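2 protein chains.
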Amino acid sequence: MKEFELIQTYFSGRGPQRKDVVLGVGDDAALTKMPQDMLLVVATDTMVENTHFFKDACPRSIGHRCMAVNLSDFAAMGAEPAWASIALTLPSVDEEWVKEFTEGLFEIAEYYNVQIIGGDTTQGPLAVSVSLKGFVAEGKALLRSGAKAGDWLFVTGQLGDSALAVEAKLGKESISEDALKKVQQRFDYPAARIAAGHVLRHAATSALDVSDGLVQDLGHILKASGVSAEIDVDKVPVSPVVVEAVGEERALELALMGGEDYELLFTVPEEQKGYLELNATAMGINYTCIGQIKGGDSGVSLRRKGKPYVLSNNKGFQHFSE
Amino acid sequence: MKEFELIQTYFSGRGPQRKDVVLGVGDDAALTKMPQDMLLVVATDTMVENTHFFKDACPRSIGHRCMAVNLSDFAAMGAEPAWASIALTLPSVDEEWVKEFTEGLFEIAEYYNVQIIGGDTTQGPLAVSVSLKGFVAEGKALLRSGAKAGDWLFVTGQLGDSALAVEAKLGKESISEDALKKVQQRFDYPAARIAAGHVLRHAATSALDVSDGLVQDLGHILKASGVSAEIDVDKVPVSPVVVEAVGEERALELALMGGEDYELLFTVPEEQKGYLELNATAMGINYTCIGQIKGGDSGVSLRRKGKPYVLSNNKGFQHFSE
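Those protein sequence lines, which keep their order, are chains W and R.
One point on numbering: in UniProt numbering, the residue at position 35 of the first sequence is 35, and numbering is uninterrupted.
One point on numbering: in UniProt numbering, the residue at position 317 of the second sequence is 317, and numbering is uninterrupted.
No incorrect hints appear here.
Straight line, CA to CA, 20 Å or less: simulated SDA-like cross-link-like pairs of lysine to any residue:
#1 W/K223 to R/G24
#2 W/K33 to R/D20
#3 W/K140 to R/G24
#4 R/K19 to W/G139
#5 W/K140 to W/P35
#6 R/K305 to R/C289
#7 W/K33 to R/G139
#8 R/K223 to W/L6
#9 R/K55 to W/L90
#10 R/K223 to W/S12
#11 W/K19 to R/K140
#12 R/K33 to W/E80
#13 R/K235 to R/T288
#14 W/K223 to W/W152
#15 W/K19 to R/E138
#16 R/K223 to W/G13
#17 W/K181 to W/L170
#18 R/K140 to R/K273
Here are the computed distance ranges between Cβ atoms for each label pair:
#19 R/S301 to W/E5: 23 to 29 Å
#20 W/E5 to R/K172: 23 to 29 Å
#21 R/T9 to W/L311: 27 to 33 Å
#22 R/G139 to W/Q17: 18 to 24 Å
These are computed hints drawn from the structure, not numbers from a lab.
These numbers come from a predicted model, not from an experiment.
No residue lacks a Cβ here, since even glycine has one placed at the ideal position from N, Cα and C.
When you get a sec, could you build the whole thing from the sequences and use the hints?
So this is what it looks like as structure tokens:
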């Protein structure tokens with residue numbers, strides 16, 4: 001099967017067919033109609049075998065994740081996803097692989113109403129790069145740079161599952177089959193917090209998604225905003241599966257330093273806490289206040305049971321090949 | 001040097017800083033302002049080592065080509081390029097390589113006023129995927145599907161250089177050092193026919209860029225438009241460098257079947273020939289009429305010295321690894 005045939009069979013005409021797509025897959029470029037007075041939002045993320053997924057990774061999961069990580073960037077901006085281009089590089093044309101990959105890809109694309117408008121399939125070492133396009137109203141995008149001293153620091157969902165999945169896979173943690181199944185599912189099929197991002201657009205002063213680890217990613221907000229932060233470690237929403245599998249201490253470490261959970265980390269001023277509570281709760285969004293933004297440039301301070309807390313390994317998450 | 005540092009040093013703040021970019025490199029996604037009543041245009045092309053460039057390829061050329069091939073898609077649509085995302089995968093952080101690569105990249109980005117608004121650097125086998133964004137007025141994009149029986153068939157520039165460079169590199173042709181230098185330069189630094197695309201927007205009924213070979217790419221126009229075509233082989237603008245290096249017959253073969261020249265192939269109705277002549281000539285655009293569109297679905301017929309002509313190897317260009 002040649003490139004043209006492959007595209008024809010597994011990509012053309014699949015997934016949502018949006019009314020704002022004037023020309024999709026099949027010409028030199030795609031054409032889409034932008035809604036008036038909106039800014040174009042663009043995110044690009046690449047996944048490479050042995051760096052972002054293991055050699056034996058399920059193609060369906062790769063299809064899901066390559067889209068999910070970009071959707072997560074959109075969630076962190078409070079933006080509306082619309083169209084994606086997929087650059088897929090394959091060692092050989094393995095039809096079964098492409099079939100499963102596109103199943104994972106189109107399932108999540110369908111859920112978030114994203115149309116695949118183009119891309120490129122090439123021969124080479126396994127990798128996939130997604131460039132996601134969409135929109136956000138002017139002045140409404142959530143940046144990393146808006147955090148102010150006094151703002152409260154929040155995170156959605158629970159942390160630590162994906163990091164434990166990676167540690168287990170690397171043989172650094174030995175856990176029960178049941179626990180492995182649960183954390184692996186979280187690693188393979190991360191959710192993108194698009195709905196949370198929409199609520200935060202009207203409540204948060206800054207936001208990003210936790211891909212490299214809570215402490216490390218918080219550093220980006222602090223640097224961009226010129227502030228510091230204090231995390232109350234006891235409040236961090238550690239995944240109960242991880243606590244049960246490796247104990248409270250190690251679980252806390254994984255929750256603070258582990259990446260790939262794709263939860264949103266965000267700051268909300270005192271006067272917007274009510275709005276957040278009302279709207280996030282109404283939409284069934286789980287979130288936890290884990291600390292507060294402070295002035296100065298002293299970075300992240302951790303406190304546990306009222307005392308300063310120091311992490312044994314303060315290096316952040318560097319993906320699993322590094 | 002880590003990913004953040006690499007981006008900081010060689011990508012941030014370089015190249016054109018467009019006024020329509022609200023947020024560039026450095027947050028979860030980029031934000032840009034679309035001009036009113038224009039459609040968004042998106043092209044994506046990936047280049048992988050050993051498939052699209054040789055192992056010892058000059059990084060400067062890779063930087064140029066990864067942008068040029070996308071610009072060429074824009075030229076073929078008559079579109080205005082504006083913003084690009086770069087997904088760069090590197091086996092290791094080789095600073096010298098990145099320095100040269102970005103020199104090639106930003107040189108062509110500067111020329112066409114394209115701002116790099118984001119991307120991703122990852123570890124893995126050498127590859128680069130560019131997603132280029134820009135705009136075109138509604139109803140003005142040049143599609144592959146508009147060719148009509150009776151339209152004249154044109155191609156810009158000259159053909160055959162890049163294919164000869166590949167053949168020489170693979171040891172299939174032995175040519176003089178001087179000729180090799182010339183054709184290699186064409187392969188390494190292809191031009192994108194953006195200016196020609198702008199003129200064609202008002203003159204052509206269909207267009208695409210010749211990346212896989214004249215005959216093969218013409219097939220895409222014919223299929224999309226539901227027509228056939230006749231090429232007068234004697235009129236095909238074969239590169240004189242190629243004729244001198246390998247003789248007239250082989251040169252013709254390379255010009256008809258060889259890819260990577262990134263010239264525009266387009267169709268113009270009789271009544272627009274005057275407009276084309278006037279405007280293309282005024283702008284110094286070289287182009288040649290090489291045949292005519294016919295009805296039916298008999299594909300591409302070649303004629304030479306008034307008689308039907310059959311190519312010995314009618315397989316098109318499949319990139320050099322295949």
